[in-house]
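**Q** Protein chains in written order, with this note's numbering: chain B, 66 to 309; chain F, 817 to 1124.
Everything labelled a hint here was simulated from the structure, so no lab data went into it. Any given hint might turn out to be false.
Unchecked claim - Derived contacts from chain B toward chain F, CB cut-off under 8 Å, selection only:
{"id": "1", "residue": "Leu137"}
{"id": "2", "residue": "Ile139"}
{"id": "3", "residue": "Thr140"}
{"id": "4", "residue": "Val155"}
{"id": "5", "residue": "Lys158"}
{"id": "6", "residue": "Gly159"}
{"id": "7", "residue": "Asp164"}
{"id": "8", "residue": "Gly171"}
Said to hold, decoys possible - Sample of chain B residues with no beta-carbon within 10 Å of chain F, all distances over it, derived:
{"id": "9", "residue": "Leu168"}
{"id": "10", "residue": "Ser236"}
{"id": "11", "residue": "Asp253"}
{"id": "12", "residue": "Asp270"}
To be verified - Simulated restraints on C-beta separations:
{"id": "13", "chain 1": "B", "residue 1": "Ala177", "chain 2": "F", "residue 2": "Thr1018", "range": "54 to 60 Å"}
{"id": "14", "chain 1": "F", "residue 1": "Leu911", "chain 2": "B", "residue 2": "Arg121", "range": "49 to 55 Å"}
{"id": "15", "chain 1": "F", "residue 1": "Gly1011", "chain 2": "B", "residue 2": "Gly131", "range": "42 to 48 Å"}
{"id": "16", "chain 1": "F", "residue 1": "Leu911", "chain 2": "B", "residue 2": "Val76", "range": "52 to 58 Å"}
{"id": "17", "chain 1": "F", "residue 1": "Lys826", "chain 2": "B", "residue 2": "Arg121", "range": "45 to 51 Å"}
Heads up, the beta-carbon is just placed ideally off N, CA and C, and yes, glycines get one too.
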Amino acid sequence: MLEIKNVSFSVSENDGDKEILRDVSLTVPARKLLVITGPNGGGKSTLAKLIAGIERPTAGSIFFDGEDITDLNITERARAGIAFAFQHPVRFKGIRVLDLLRLATGKNASVAEACEMLSQVGLCAKEYINREVNDSLSGGELKRIEIATVIARGAKLSVFDEPEAGIDLWSFQNLIKVFRKMRNEIRDSSIIIISHQERILRIADEIVVLKDGRVDRRGTPDELFPNLCDAASVSAPCRMAEED
Amino acid sequence: MPELNQLQKKILEEVADLHKVPEGAYNIRSDSKSVGRRSTENIEIVPKTDVSGLDIRIRPGTKNESVHIPVILTESGLRETVYNDFYIGEGADVLIVAGCGIDNCGNQDSEHDGIHRFFVERGASVRYVEKHYGQGDGRGKRILNPVTEVTLADGASMEMEMVQIKGVDDTDRRTVAKLGAGAKLVVRERLMTHGEQRALSTYDVELNGKGATADVVSRSVAKDDSLQRFDAKITGNAECRGHTECDSIIMDRGRILAVPALEANDVDAALVHEAAIGKIAGAQLIKLMTLGLTEREAEEQIVNGFLS
Ligand SMILES: Nc1ncnc2c1ncn2[C@@H]1O[C@H](COP(=O)(O)OP(=O)(O)O)[C@@H](O)[C@H]1O
Ligand SMILES: [Mg+2]
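Let the sequences and hints guide you as you build the complete structure.
**A** What follows is the structure, given as structure tokens:
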């Protein structure tokens, strides 16, 4: 489904180039859920942006369904079937939750359909459907709306960047259910979730640990879990897991 | 029952959301002539005798009634100044829909300057909606220079919705308001300019009585080579609260000048001004593009939402 081949990404800074991703190669087969984890600053969000076309790799290429999409822009990739839930969702003055869901589904979804999409992420639909996606929403509400818009697209490849961030415990339980359900009904699609949460890592078909811009380790949850918590590699998932 | 042609109907829809002759009191002015007028038991519309315009008198205590006074200009080169005075009696609660649409297919400028005065008596409340619209592909300009003067007696309130989204080449809008004790003014202005259009909007609000409040908010978008100026002044002469806000998006080579002014002449006057001008945030465009919209489509959605 998705193939990332020798992708590097660097940005120029005052004191020369800064390498954010170095020679990353990854494959996400159809019908699989891949979870990417690793310390903050490791390059996870950057990789997600490269997949969505928001950033372009400085080297390497990206294939989707066998087609080289490295030179496709954001819109073209979206239309090809890639959906992306931002780590930090965007606010819009004057655009309502309903409008955003309609834009996401590309059709004039009825209020009932939109409500269904929202209740999946634990939002009482009636209260939210006509709210503007602006500063009046809390971070957690915004995050859940962002997740709902991506689920609503029913894309071939859905990428979620830290969906758990800013979400309270009750909603988090719900979220796990949503991802489990997505995993179970995956059919011909694939899912990538960037996460620090043990419970999300546990439902992965494969886990990739991204660290200092490189693939540090990869494997199934059973293969990786015994060692995932040693301080040398990633501490974040374990710390978060203990908290909940 | 006036006979309206297709063009008149189209403009009525744009400026007053009217698909047929409105309920309640109305006057439809088309190319300087009244083509339909109705007074009701509580709302009297009388043409002025000295100048062009109307006296509109609303009886005290009138509730849930409306007045529509749309203006249509279709003759290229027509320039008119119209004086409308509204007297809103004590305790009344009414909707007033004004608005002007100009269709100019000719090469001469068309201009309508509406001078509106509102005398809102004690405890009365008015919702006022004014839409301006222009169309036609002639070289003649479509010009609208409205002047609105509002006098709110003690405890009176007025909510004004002013919209100019399309097709007006030049506008110089001036709004002056004087508020008594406990009076309340809310203004929601939405403005979009494109091409070489120019729009100036000036507010001068005096809060003269204890407990008066004013909230003047303008949202605007300046596209292409257009120019806007938002000039809002609130003067607090008593214990009062005033807030003005200018929230604008600039695109292309558009220019916007926001000129805030607050004057507090009483130690208990609390006045606030906010202004923000900037281009569409890149992240907003990117988000909508990840939903499959092109950059243009994304821009359009963001602008439409912003002005909705
Ligand atoms: N456009 C950019 N310019 C400069 N530095 C960037 C840019 N994008 C990301 N970075 C840096 O790259 C590193 C990886 O960031 P990110 O992909 O957000 O990591 P993660 O999501 O794993 O926390 C960080 O050090 C971040 O500051
Ligand atoms: Mg990140």
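**Q** Hint numbers the structure violates, sorted upward?
**A** Failing hints, ascending: 1, 9 and 13.
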